[in-house]
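Using the sequences plus the hints, can you model the full thing?
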Amino acid sequence: GAVVSQHPSRVICKSGTSVKIECRSLDFQATTMFWYRQFPKKSLMLMATSNEGSKATYEQGVEKDKFLINHASLTLSTLTVTSAHPEDSSFYICSARDRGTDLNYGYTFGSGTRLTVV
Amino acid sequence: AQSVTQLGSHVSVSEGALVLLRCNYSSSVPPYLFWYVQYPNQGLQLLLKYTTGATLVKGINGFEAEFKKSETSFHLTKPSAHMSDAAEYFCAVSEEPEKLVFGQGTRLTINP
Chain A
7 GAVVSQHPSR VICKSGTSVK IECRSLDFQA TTMFWYRQFP KKSLMLMATS NEGSKATYEQ
67 GVEKDKFLIN HASLTLSTLT VTSAHPEDSS FYICSARDRG TDLNYGYTFG SGTRLTVV
Chain B
9 AQSVTQLGSH VSVSEGALVL LRCNYSSSVP PYLFWYVQYP NQGLQLLLKY TTGATLVKGI
69 NGFEAEFKKS ETSFHLTKPS AHMSDAAEYF CAVSEEPEKL VFGQGTRLTI NP
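Protein chains in written order, with my numbering: chain A, 7 to 124; chain B, 9 to 120.
DSBU-like mimics (lysine-lysine), calculated; alpha carbons at most 30 angstroms apart, straight line:
id: 1; chain 1: A; residue 1: LYS26; chain 2: A; residue 2: LYS72
id: 2; chain 1: B; residue 1: LYS107; chain 2: A; residue 2: LYS26
id: 3; chain 1: B; residue 1: LYS107; chain 2: B; residue 2: LYS76
id: 4; chain 1: B; residue 1: LYS76; chain 2: A; residue 2: LYS47
Ranges of calculated distance between the beta carbons of each label pair, as one might list FRET restraints:
id: 5; chain 1: B; residue 1: THR117; chain 2: A; residue 2: SER21; range: 35 to 41 angstroms
id: 6; chain 1: B; residue 1: SER22; chain 2: A; residue 2: LYS48; range: 23 to 29 angstroms
id: 7; chain 1: A; residue 1: HIS91; chain 2: B; residue 2: GLY24; range: 44 to 50 angstroms
id: 8; chain 1: A; residue 1: SER24; chain 2: B; residue 2: ASN119; range: 40 to 46 angstroms
id: 9; chain 1: B; residue 1: ALA62; chain 2: A; residue 2: GLN35; range: 26 to 32 angstroms
id: 10; chain 1: B; residue 1: GLN53; chain 2: A; residue 2: ALA78; range: 25 to 31 angstroms
id: 11; chain 1: A; residue 1: PRO92; chain 2: B; residue 2: GLU74; range: 39 to 45 angstroms
id: 12; chain 1: B; residue 1: GLN112; chain 2: A; residue 2: SER24; range: 26 to 32 angstroms
In case anyone wonders, no lab produced these hints; they're calculated from the structure.
C-beta atoms are modelled at their ideal positions from N, C-alpha and C, and glycine is treated no differently.
Quick look at the structure:
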């Protein structure tokens, strides 16, 4: 089945530095990838939709300059948290839509990245 | 706009008992509905989904859900709970292409 690899699974960084999170579709092409943020004991909040070869679409309230998204190929999307602050600490999850399942909305999720900013 | 409400942030059942997790949705068009499971510090795994056709959908690990349009519900059930079922469960709806909206989640605890 479709597999999405997300890396790193955990990262600790100092306040003010930037962190890059990668999301790869391993055995399928993903024209669209999604980035979610999950607060402790809360649901997933969609941050942005990443389209291959074009600019990401951000949800209302999400800072574009802080959460940089790049989707340079059909198998890779990256989320860079710039100038990270402790309030950016969270669990970030990516999801990819299998290009071959337009009619069935096949979404596959990565295993998540736990970001801690100290 | 679409929305999802999961009734009960925490459900506790005994091992071997029926599991029932409730989900109601709001959508202006026929929705696509999903149930996902999340284990601690992991991503989401698809349990099952409803798109079109048969309203009773069977998923992995013995779970199933029934789409009831008249009740705008998509409740998740499993006849006999297993200890390994303990996790967080999310109901989600997709109305617009490519956009999932999640419910707030239900934590399922299994008592020995």
